[in-house]
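*Asks:* These protein sequence lines map, in sequence, to chains B and P. Count along the first sequence starting at 1, add 1, and that's the number in this note's numbering. Count along the second sequence starting at 1, add 44, and that's the number in this note's numbering.
The hints are all genuine.
Calculated pairs, SDA-like style, for lysine to any residue (alpha carbon to alpha carbon, straight line, at most 25 Å):
#1 P:K148 <-> B:F204
#2 B:K106 <-> B:L181
#3 P:K148 <-> B:W201
Everything labelled a hint here was simulated from the structure, so no lab data went into it.
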Amino acid sequence: MNAAVIGAASTRVVAPPRRVSDATGEPAWLRRLLIGVALAFLALFLFIPLVAVFAEALKKGLDVYLAAITEPDAVAAIRLTLVAAAISVPLNLVFGIAAAWAIAKFDFRGKNLLLTFIDLPFSVSPVIAGLIFILVFGLQGWLGGWLRDHDLKIIFALPGIVIATIFITFPFVARELIPLMQAQGIEQEEAARVLGAGGWQIFRRVTLPNIKWALLYGVILCNARAMGEFGAVSVVSGHIRGQTNTMPLHIEILYNEYQFAAAFAVASLLAGLALVTLALKYAVERRVAAAALAEESGARR
Amino acid sequence: MSIEVRHLQKRFGATVVCDDLSLDIPAGQLVALLGPSGSGKTTLLRIIAGLEVPDAGTVLFHGEDATDADVRERRVGFVFQHYALFGHMTIFENVAFGLRVRPKAVRPDEAQIRARVAKLLALVQLDPLADRYPHQLSGGQRQRIALVRALAVEPEVLLLDEPFGALDARVRKELRRWLRRLHDEMQVTSVFVTHDQEEAMEVADRIVVMNQGRIEQDGAPDEVYDHPASPFVLQFLGDVNLFRGGAATGVGAADGGTAYVRPHELQVVAGAEPGSVAVTFAQALTVGPNTRLEFRRRDDQSYVDVEMSRAEWQALRDRLGLEPGASAHLLPRKVTRFASEDIDPAAMI
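The shape of chain P in the complex, shown without the other chains:
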């Protein structure tokens, strides 16, 4: 089922959380709403679910106005950040809940409920835990139960609010992959909220980057990463070096604007070349397979980060004899500039 959002407005007191939002989500897509906290992404998700009422604007499901439709009529599945499992019910009863509360006429009989729940629990490989209670499960297990509980009612739209936010890094990675696979199998239109750009890039077909109640950019992960529409998107999607205008030499000098270069788009060279920046080497930090080099610009003493693989770094160190305090030059392979530069630096964090 497709979702369309038209000119959505929502404020809590003086805070505007949705500022004229419009968005199209075609049927079957897996879309990430990505943004910092307070960007309105969760509110947008809750409005789509019907848990929040917009001040103005419409939500269309399958082309039909659903703005005033009750939550129960929307056929959505919602997965909460903190699972919201029913603590006093067994895992089995949690998953069966949506079937048991149906009106008598459309409620499956006990045998059908048992079969459906068993199938869903097998899908997430948690069938041995059917008689346990939520507090006896690990976070990752609980999140999977929350997901199949939402799927039990066969929703046409699946909405997930920071689904992996409360989990540790390893479990999160595993669940991401699992969500992607599940989506490919079930083909249900899905929207998930996240503040983790890596998660969004890895899982989603499409990323909607939000900031201060507005949509900054909307596109495929590669497109958003390679062609950011604004400095905010560029900075939010990964580390970036800023070369401010006014600095005497180098990348940002020409038009007085700011040039952005990602750490892995910088090449370390021995001598000055056209477009290069003179720097002093400060230190190298190796984390896993990658090394992060810290340089200081010689003209304005600002820091510049460079990232490369561990092997590249070792080769470079031997070739140039880089020691802390040694001088070098940085040559950008790819520079991004934006026409208008009236962005509030505080919003980039």
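Bound-form chain B, shown alone:
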């Protein structure tokens, strides 16, 4: 205790006291302890595992690493992941904008219900989500007979994986847009309408520019989740090697077969994606904050 007080006093000599910390009234040792705990936690649970992934992946040399990610099954998994994301992310972009638009700009019955349902994928376990689609589209499911008669394959095929991915990632874009669009209101859209703009012109020239950064932010998060989703996709995919294995599923199989280097090599790609996502997220967040600040300082005048 004594040492801490002396420590605090000596910092005062070096640097002028900071008003912010004075106002909160927390002693210096407590602040340092809290920051230290937070950093240690981050290092232990986030940073070390991330380093471990890359270390394990490259443990047996670059050749093994490259072989693992260019092997046909791995390439197929990467391709499937990209295709599933390429289909589900744009669809969720459209759904997300439509849902956010409806909720933010119109009043209708069941609005709160819709808001609640948008959060459903967050509250349901992904495995359950996968099982729901088996129940609906599977051979023994509600639509199974009809689908078989028409020679349509959904479960254990690409459509099932896409549907499961869409379900899991639905909230990201909508959740990002709703609060922003609600805060912006509809005055600018009304102004555009009175000035003679049509629906599409209003959307493209007024609404979209106002939400573009939040939209991009939502898409980035949506994409990261779409590529990384395991539970729901695992249930509907059927784990057919080279055909219905996405990257996360492929990693699991390799790991279960004790091919650690290969598993970590593919995992390093997903980890790399996460890092890129983080960087993009950081950049976009700054733009969103800057735009909000400009808006706010404008409104205050």
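With chain B held as given, fit chain P onto it using these hints.
*Replies:* Just chain P now, kept in the frame of chain B:
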């Protein structure tokens, strides 16, 4: 272009905001819709613009039914209270917006757009700001941009929703005068909504006083002020003293009704005269060129306000030796009474 509104009805849930409204606005007039918040004035304006759909009734533009016409076909300019400028566009692009979104066949070419926008920006003396963004402008500048943006599409009707509501007093005054001048130059039929009676009196050719979804009175500013149709109009247009019936002496006694006298219509006299009220002087408050005197009636202890110029007050004080607590008499120069007195006092605030 003239505007006619016939038997307009509009309710939001259980709240009636337009209760059988009918109104004629001849071409070229500048009309103020004046009323307290919740009186339905903004809703009426939005219905005229086509931004709101009435439950019943019709809106005629130039004698033709426009009730179901799309906003885009109405050729109206609308100025929003909070400007509603497009934040991501420059000032130039904001003003050019209405021209750029026109269908190809009637869209002016780039050179024409540039010329038109430059002319409009010069009109409001904001041409140096063409490349700025709305958040870099002051409130008064933004409101002027919102106005020329509406004018850029050459509307036949200009509708303004509390156009100066969000501005500080000095800028507001300047913009009022400017709006009046602009209207005189352009001669476009204009309707503006306000809750500020001074603003309405100063700017408008005609004032429509609204209350609880109905029109209380409709007339020239002087007419509305001098001959109010109801106690509500009288009270809304300025301060007024109430002399309730039942009080033993003075103005309101005769028929048991209420008499209304504006503070500047009361004369302070030394002795009792026919029709005067006995009062005690409480205090004098001088704000700028005017002095407001506060008196208390000796019979029922209610307050009575008197207003006069600073010089008059100084002369009066010296002549009568008015000190707080001194007694005096008030003689009204002009008394207003209304035949029916079944108005809800809460609605007068």
